[in-house]
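Asker: These are the residues of each chain, in order.
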Amino acid sequence: MAYFEIKNFEKSFGETKVLKGINLSIKKGEVLSIIGSSGSGKTTLLRCMNFLETVDSGVMVLDGETLLDSNVKESESILREKRLNFGLVFQSFNLFPQYTVFKNLTLAPTLLLKEKLAEKNNLYKIELKNIKKNKDISADEKEKKIKELSEKILTKKQLQIKFREERENIRKDCNNLLEKIGLTEKASSYPCELSGGQCQRVAIARALALKPKILCFDEPTSALDPELTGEVLKVIKNLKKDNTTMIIVTHEMGFAKGVSDKVIFMANGVVEEEGNPKDVFNNPKSEKLKNFLNNVSDKDGE
Amino acid sequence: MTFLQITQSLLQGFALTCLIFFLTLIFSIPLGLAISFGLMSKFKPLNLVLKYFVWIIRGIPLMLQIFMVYYLPGILNNGQNFWGTVDKYLYFNFQIKSGGALIAVLFSFVINYACYFSVIFKGGIEGVNRGQSEAGQVLGMTKKQIFRNVILLQVIKKITPPMSNEIITLVKDTALANAIGVVETIMAAKNFASGFPPIIWPIFYSGIFYLLFVGILTLLFGYIEKKLSFYKE
Ligand SMILES: Nc1ncnc2c1ncn2[C@@H]1O[C@H](COP(=O)(O)OP(=O)(O)OP(=O)(O)O)[C@@H](O)[C@H]1O
Ligand SMILES: [Mg+2]
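Protein chains in written order, with the working numbering: chain A, 1 to 302; chain B, 1 to 233.
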């Protein structure tokens with residue numbers, strides 16, 4: 001069974017229908033590449049997956065859990081939870097310019113940690129209140145439960161201590177990530193002091209810091225000078241070695257061929273052709289894909 | 001008239017100048033923020049009304065707005081001098097001179113500057129790349145967290161130069177208050193020039209007060225800009 005599946009995604013902007021029933025599926029640890037000419041809807045598809053756009057219709061299932069069903073309207077907080085299943089790396093990096101590389105990585109996980117700790121504490125408090133009001137249980141039992149819960153509830157100071165402890169883990173994780181992308185010595189630099197390739201590597205690490213189940217890339221190397229694409233592609237290749245499940249929109253055909261387990265060719269909002277990279281690149285069936293591949297190789301030859 | 005006496009008299013005027021300056025800032029910044037959110041709101045009627053309101057306020061001289069605020073209540077009220085009544089009330093009860101005029105001035109200043117600020121705020125907020133808040137969203141931050149941790153500082157950095165311009169203009173605009181009889185710095189100086197015997201030099205002297213004030217503000221804003229220059233976009 002597929003680890004991740006999209007069924008019948010449709011999306012229009014006003015009159016223009018951009019996605020016309022997209023289906024796709026991948027297995028855990030696989031890399032899926034999406035190729036297609038400009039305007040075919042690749043970015044829109046990724047944005048819909050990441051809940052940056054709302055689909056008009058469609059279903060999305062990850063690891064047996066229905067993440068999205070266009071018939072069900074979810075609250076903002078639930079959307080937030082679901083979003084965390086994915087990481088998204090933008091074409092233009094979108095690093096936070098006012099934070100150092102390290103803080104870019106730690107910011108979101110730290111905020112999340114703080115929130116989670118406070119939330120848990122609040123739940124205990126509510127439970128305690130309910131038990132105190134409860135008249136159906138015996139006094140002994142009540143006392144026992146109250147004692148149990150009271151021990152679990154942390155004071156503000158304890159909460160702070162616990163937060164500091166767990167924040168250490170985040171820091172460790174982020175340091176490891178920096179090492180992985182080879183930018184340990186840039187930890188305290190600001191994004192404006194980095195090259196494009198370095199920025200994009202940081203953006204990848206930032207997405208990984210939240211441990212997403214699927215990492216999405218939208219043309220991660222399009223904004224880079226040609227000599228800087230290599231370092232970013234290398235990071236992605238290393239992620240594949242760690243069995244990271246990835247969906248990559250790319251114009252780098254050679255890279256797509258090498259790294260993917262599966263390739264999808266999109267044209268005009270539909271999946272025109274799909275298969276393993278060998279078949280798609282060496283034996284294209286549809287005219288559109290043949291044309292597309294010819295155009296791309298022409299450009300490469302320039 | 002000794003130098004000391006004249007200085008004292010000008011300082012009294014300068015106290016009013018400062019009062020108008022600070023009260024205008026304190027009220028017009030939050031009001032301006034509110035208006036800027038209205039200007040960016042998707043609720044069409046509110047958006048449209050505010051757009052025209054800001055256009056009108058920014059389109060006519062502040063002096064005229066002061067006159068409007070000062071004379072309109074009287075005209076609407078059968079020629080009763082509304083602010084004059086307030087003046088008297090404040091004088092008899094609190095010994096505050098020309099308090100009505102002062103309130104009228106503050107009223108028009110706050111509205112006027114809130115409109116100018118709102119446009120700056122709107123530009124600052126919209127000027128932050130949309131990708132920034134999308135990056136925050138994708139990283140699971142709430143709207144509030146995104147505003148506080150990602151957007152706010154970038155907006156402040158963007159609006160510091162235009163805000164410092166406006167705020168320095170405000171220092172000098174406070175002089176308009178003397179059009180309806182508020183004895184601020186310049187009026188205090190002018191009173192000497194038109195007295196018997198006329199003394200001219202306080203007119204020049206009063207300029208020093210403004211220069212000092214603006215000088216301090218310039219240093220302050222320079223400091224803020226420098227503090228925020230630790231990153232570039
Ligand atoms: N917010 C939007 N409002 C209106 N139209 C949009 C919007 N976003 C995308 N579109 C349109 O949807 C179509 C598909 O855009 P999309 O960005 O998904 O294409 P793409 O395959 O990513 O192209 P590229 O390779 O150039 O990045 C385009 O025609 C585009 O103009
Ligand atoms: Mg795109």
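Keep in mind that the hints were calculated from the coordinates and are not lab data. Heads up, a few of these hints could be off.
Said to hold, decoys possible - Mimicking DSS-like on lysine-lysine, the simulated pairs with C-alpha atoms at most 30 Å apart in a straight line are:
| id | chain 1 | residue 1 | chain 2 | residue 2 |
| --- | --- | --- | --- | --- |
| 1 | A | Lys82 | A | Lys213 |
| 2 | A | Lys213 | B | Lys144 |
| 3 | A | Lys145 | A | Lys172 |
| 4 | A | Lys162 | B | Lys143 |
Asker: Against each hint, give a clear statement of whether it holds in the structure.
Answerer: Results for each hint:
At most 30 Å may separate the alpha-carbon atoms for a hinted pair to count; A:Lys82 and A:Lys213 meet this at roughly 11 Å. A threshold of 30 Å between alpha carbons decides the hint, and for A:Lys213 with B:Lys144 the separation of about 25 Å falls inside it, so the pair holds. Taken as a hint, the A:Lys145 and A:Lys172 pair is broken in the structure, with Cα atoms around 37 Å apart against an allowance of 30 Å. Distance hint between A:Lys162 and B:Lys143 is fulfilled; the C-alpha atoms sit about 26 Å from each other, no more than 30 Å.
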